[in-house]
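Asks: Next come the chains, spelled out residue by residue.
Number of protein chains: 2
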Amino acid sequence: MSLKQFIDDHLPKLEEVLYDLVRNIKAPAQLKESMLYSLEAGGKRIRPLFVLAVCDLFHNNKKNEAYIVGAAVEMIHTYSLIHDDLPSMDDDEMRRGKPTNHVIFGDALATLAGDALNTLSFGVLARMESVTSEKKVELINLLSIAAGAEGMVGGQVLDIDGESRTLSLPELENVHVNKTGALLRFSIESGAILSDATVQERSALVEYAHHIGLAFQIQDDILDIVGTTEELGKTAGKDIESHKSTYPALLTLEGAKQKLEEHYELAITALRKIDKNTTILEEFAQYIVKRHN
Amino acid sequence: MSLKQFIDDHLPKLEEVLYDLVRNIKAPAQLKESMLYSLEAGGKRIRPLFVLAVCDLFHNNKKNEAYIVGAAVEMIHTYSLIHDDLPSMDDDEMRRGKPTNHVIFGDALATLAGDALNTLSFGVLARMESVTSEKKVELINLLSIAAGAEGMVGGQVLDIDGESRTLSLPELENVHVNKTGALLRFSIESGAILSDATVQERSALVEYAHHIGLAFQIQDDILDIVGTTEELGKTAGKDIESHKSTYPALLTLEGAKQKLEEHYELAITALRKIDKNTTILEEFAQYIVKRHN
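Same order as they appear, the protein sequences are chains A and B.
Reminder that position 189 of the first sequence reads as 189 in the UniProt record's numbering, one-by-one numbering, no gaps.
Reminder that position 229 of the second sequence reads as 229 in the UniProt record's numbering, one-by-one numbering, no gaps.
I should point out that these hints are in silico values taken from the structure, not numbers from a laboratory.
Do not take every clue at face value.
The list makes no distinction among identical chains, and a pair is therefore deemed to hold if it is satisfied within one copy or across any two copies.
No more than 25 angstroms apart at the CA atoms, straight line, and that leaves these computed lysine-lysine pairs for PhoX-like [as the list claims (entries may be wrong)]:
1) LYS32 to LYS244
2) LYS62 to LYS135
3) LYS234 to LYS4
4) LYS32 to LYS13
5) LYS4 to LYS276
6) LYS13 to LYS98
7) LYS63 to LYS13
8) LYS276 to LYS135
9) LYS44 to LYS4
10) LYS257 to LYS290
11) LYS44 to LYS98
Source: prediction; values computed, not measured.
Modelling step: build the complete structure from the supplied sequences, incorporating the hints.
Replies: And the structure:
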């Protein structure tokens with residue numbers, strides 16, 4: 001099966017589960033509308049697709065749980081974008097080709113919609129059926145670490161800090177290991193947990209996740225230079241304008257492309273340690289280094 | 001034992017546990033500083049003290065878990081204050097007699113510190129020792145509901161909505177049942193869960209929590225009128241100035257005081273259903289209706 005077919009097979013159900021988890025809560029209409037607006041704005045759904053791809057690798061037929069874990073990760077990712085776009089943070093008015101949440105709903109409701117998505121993600125994990133309580137606790141613990149001060153939020157703080165000075169390459173890598181890497185790693189590791197992967201398999205997948213995370217970010221930095229605003233659905237060239245520390249800024253565009261290739265190769269090498277058909281995860285790695293948005 | 005002695009006995013340990021849970025995470029220094037600043041700003045610690053008081057009622061000796069659950073609730077409460085105080089929300093510069101988080105750390109870091117506290121609260125519940133996974137999952141599920149769109153955050157949305165029009169009494173009650181009531185209820189109910197309370201005991205405690213929550217809010221509204229800025233540690237008279245729907249505004253000051261007394265009586269009546277020494281919880285109710293800040 002190709003990655004494209006895999007995505008076509010899973011995306012509709014994934015989005016249905018995601019939206020229903022929000023539609024089904026009892027909450028003020030305008031709050032649900034604001035939460036759904038950003039969830040429905042699309043995006044590549046890379047994180048939940050990784051949960052599903054890893055479950056698929058192990059022929060794990062408990063797919064409903066994979067969709068729910070995927071939805072939980074997407075809620076965290078989406079809340080982080082809503083808060084990131086606020087005027088007090090990155091002050092972005094466009095995201096995925098649409099006005100950002102606060103442009104439509106105002107800063108206060110956007111802040112609260114982000115808060116509610118953050119909180120909801122832990123609730124949907126706790127409420128999963130046919131997953132043992134032990135696994136739920138493990139998933140919740142890992143998601144809290146990946147999404148919080150020790151992961152994504154910590155990475156955002158380092159990222160803001162990096163706007164006022166030039167970071168070294170290890171510092172830049174540390175930003176991205178936390179800011180985008182931690183949640184990608186959770187997506188991949190949670191699939192391994194749901195599928196009862198062995199310690200060796202899980203460790204190989206975590207290695208794959210590490211390199212995929214960095215590759216993803218390097219490609220993001222490259223696209224900011226070579227992409228157009230139309231392709232990206234967000235303002236292109238922002239990094240250069242704001243003198244931000246990026247891989248191309250530290251390594252030149254060519255150097256960044258080489259680094260991207262290195263991480264791609266290391267991700268593929270990690271997959272070789274797993275004695276299963278890893279085609280989808282290989283294609284996923286390829287997609288991440290070749291994507292245009 | 002008196003309430004005062006109970007608080008003196010538990011508060012130092014509670015605050016130590018709370019601060020250590022943040023001090024021990026690996027995160028950027030300025031993020032931890034911002035998180036700790038608001039946690040250390042004090043406050044009455046009513047929510048964690050309720051967890052401890054309910055555990056005490058059942059002679060539950062697993063005190064360490066009670067402190068951790070209390071700390072998790074206090075993290076949620078504190079994050080909600082940090083976000084509430086932001087310029088895009090209530091725009092408050094003083095809280096508990098100190099400058100608010102964003103005044104010291106800036107809006108971006110304050111937003112992220114709130115996000116991180118929200119996320120961390122679920123992690124500390126997941127990492128508790130000597131609590132079964134089943135109980136952890138139940139606590140995480142209830143906290144997610146109480147703190148999220150169906151509880152506290154939903155109540156804040158209704159509260160903002162109420163600033164632009166006059167609410168009816170049932171609407172106002174609905175705001176407070178969600179905005180402050182849900183988290184207070186969780187504090188009390190979590191103590192019952194940790195202590196293996198019977199269904200009847202738990203239900204009586206939830207009833208107590210309902211009335212305590214409303215009494216707390218009515219007294220808050222009354223204090224905004226009769227209290228001074230110095231006593232409150234925050235700007236007094238803000239509600240009247242902003243034409244906010246409050247109990248005194250809908251019922252007159254005398255009517256609000258009578259309503260407060262009614263909820264106090266109903267809270268005490270609920271406790272009578274529990275065949276244990278409820279002195280501390282009775283005194284807690286009394287403290288809530290008589291407090292000056």
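Asks: Hint by hint, say whether it matches the structure.
Replies: Against the structure, the hints come out as follows:
no.	hint	result
1	LYS32 to LYS244	between (35 angstroms within a copy, 24 angstroms between copies)
2	LYS62 to LYS135	both (13 angstroms within a copy, 24 angstroms between copies)
3	LYS234 to LYS4	within (24 angstroms within a copy, 57 angstroms between copies)
4	LYS32 to LYS13	within (20 angstroms within a copy, 39 angstroms between copies)
5	LYS4 to LYS276	within (20 angstroms within a copy, 63 angstroms between copies)
6	LYS13 to LYS98	within (23 angstroms within a copy, 49 angstroms between copies)
7	LYS63 to LYS13	within (10 angstroms within a copy, 44 angstroms between copies)
8	LYS276 to LYS135	within (23 angstroms within a copy, 37 angstroms between copies)
9	LYS44 to LYS4	within (12 angstroms within a copy, 56 angstroms between copies)
10	LYS257 to LYS290	within (11 angstroms within a copy, 67 angstroms between copies)
11	LYS44 to LYS98	within (15 angstroms within a copy, 44 angstroms between copies)
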